[in-house]
Amino acid sequence: MEVFFYLFAVLATVGAVSVLLIRSPVYCALALVGTFFCLAAIYVLLSSEFVAAVQLLVYAGAIMVLFLFVIMLLNLKSDQPFALKFSIPKIIGLAVTVGILAQLIGVLNSPAAKVGPSGEYTIERVSAEGATEVVGRLLFTEYVLPFEIISILLLVAVIGAVVLAKRYVASGEEESG
Amino acid sequence: MMEFLLIPWVQAVLKIVVFVLMFVMMLGTVLTLMERKWMSAVQDRIGPNRANLGNFRGHGLLHLAADGLKSIFKEDTIPEGADRLLFTIAPFFAFVSVIVIWAVIPFAGPIGDFKFQIADINTGLLFIFAITSLGVYGAVLGGWSSNSKYALLGAARATSQMLSYEVFLGLSLIGIFMVYGSLQVGTIVEQQNTYWFGDLIPKWGIFTQPVAFVIFFTAMLAETKRLPFDAPEGESEIIAGYFLEYSGMRYAAFMLAEYIAIVGLAALTTTLFLGGYHVPWLHADGFHFLGGHLPLSPWLVAVLQLGSFVTKVIFFCWLTIMIRWTVPRFRFDQIMDLGWKRMLPICLGNIVVTAIVLLIYDWSTAAG
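If you read the sequences in order, they're chains W and Z. Just so we're aligned: 154 in the working numbering is position 167 of the first sequence, and the numbers increase by one with no gaps anywhere. Just so we're aligned: 672 in the working numbering is position 194 of the second sequence, and the numbers increase by one with no gaps anywhere.
No lab work stands behind these hints: they were computed from the structure. It cannot be assumed that every hint is accurate.
When the alpha-carbon atoms are kept at most 30 Å apart in a straight line, the in silico BS3-like pairs for lysine-lysine are as follows [said to hold, decoys possible]:
| no. | chain 1 | residue 1 | chain 2 | residue 2 |
| --- | --- | --- | --- | --- |
| 1 | Z | 552 | Z | 515 |
| 2 | Z | 548 | Z | 627 |
| 3 | Z | 548 | Z | 593 |
| 4 | Z | 819 | W | 153 |
| 5 | W | 153 | Z | 627 |
| 6 | Z | 493 | Z | 627 |
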């Protein structure tokens, strides 16, 4: 199993780095799809099939297809060659990135991270009850409030998108088509 | 000597070879001929019967070999200005997604520890959705990389249609999840062999979720881009859509992927709504009907179940093809209207009604 972990981890990293380095937008999007795919494979290795399936379904199957769709329709050509020019947004971005990286290294090296998995939802319990059942039950009992808040947030986003995309019709006129 | 057959991965490889290569690929290939034969029957013609070896014509069966040989020896052209890499690999994207879903389809009931299914994973149906949602990449990449306006239009139509109908595909099955209480394909099929009124009417999906059945089948037709939903390939408007520029074996791969998708559609509909491999009233130890019992050996039961699965799958393949030659093509705006304005409300209503009925049923069984 460890062989598979290293295989997919390396592939995911290669995919993520290629998203940054490749010039052609379509290949960038495809590299990102590959990264998502490898992440899903790693979730499977962590015996979390539900998260893996949802990862593929939502990210690789829906969001990235829309990305590709937009890239296709706008007919984006390859990016300009990367020029190493510093501007204030880039410096801020670099600072934030380095900050997050330092934080991550700190957390992963802390003693708490070395304890390993803990808590009542052990791998044995999740595989006995079924990953989907466990996630579903928790979502509708313990985490029902955050779940509903996120639903409302998404609903607001959907309505906002419809309002922004809708063509305004002059009053008194029937909308055609 | 036969002990190596008990090793799990040897079994898995054997199952893949037998189920996918020998059943799915064969049925997909034969369907390309059957479509032309059945179409001819609808149109009162004889259909393809000219390919021959001497005097042997086999009712057109040799056309399969003729088509295959022609595809192999035809020049594999790549249009000018095309993206060579993506153009070359796009057919495989289309192919992989229609093959991989067979990993979770059960072909017959288990005998002892041996399952007639490659993998019965806990999130089976979500897995199927995840894989079918990847099928759109074949169309998108094929259309975009061809550097042709018609192909790009076809790809754009395919993308919006497949993304939209995936939504109704998922929503229509929520009722099935609720009734059978599982995402695992094996469990859903097992649950469909329980009965109402003693042992009279099987609890097949088509009886417990009739609305979901209609919506699922329609959405699957749209998902596989079959008529009346084949606007992405509409010959009269955009010639052939996203695979317009393909020739030779790559074109054949796209076509074969489409026919295998039909077999997949048929198998999924069978598994979720028609009791999968189950023969009505046939249990693991034989027939049970109205108190009577006819014992059968496990192997005979498995053979009957395999036969029942294959028959149902072929029935749905036939139905899909008959729909193609009966219903005219929808306009693209009609496809979108049908989906978002009609099917979406019906799906959501079906979920609410199913939930209420299940709740009342639970209360009544708890009270009584």
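Quiz item: Going through the earlier hints one by one, which of them does the structure break, listed in rising order?
Solution: Hints 3 and 6 contradicted; others consistent.
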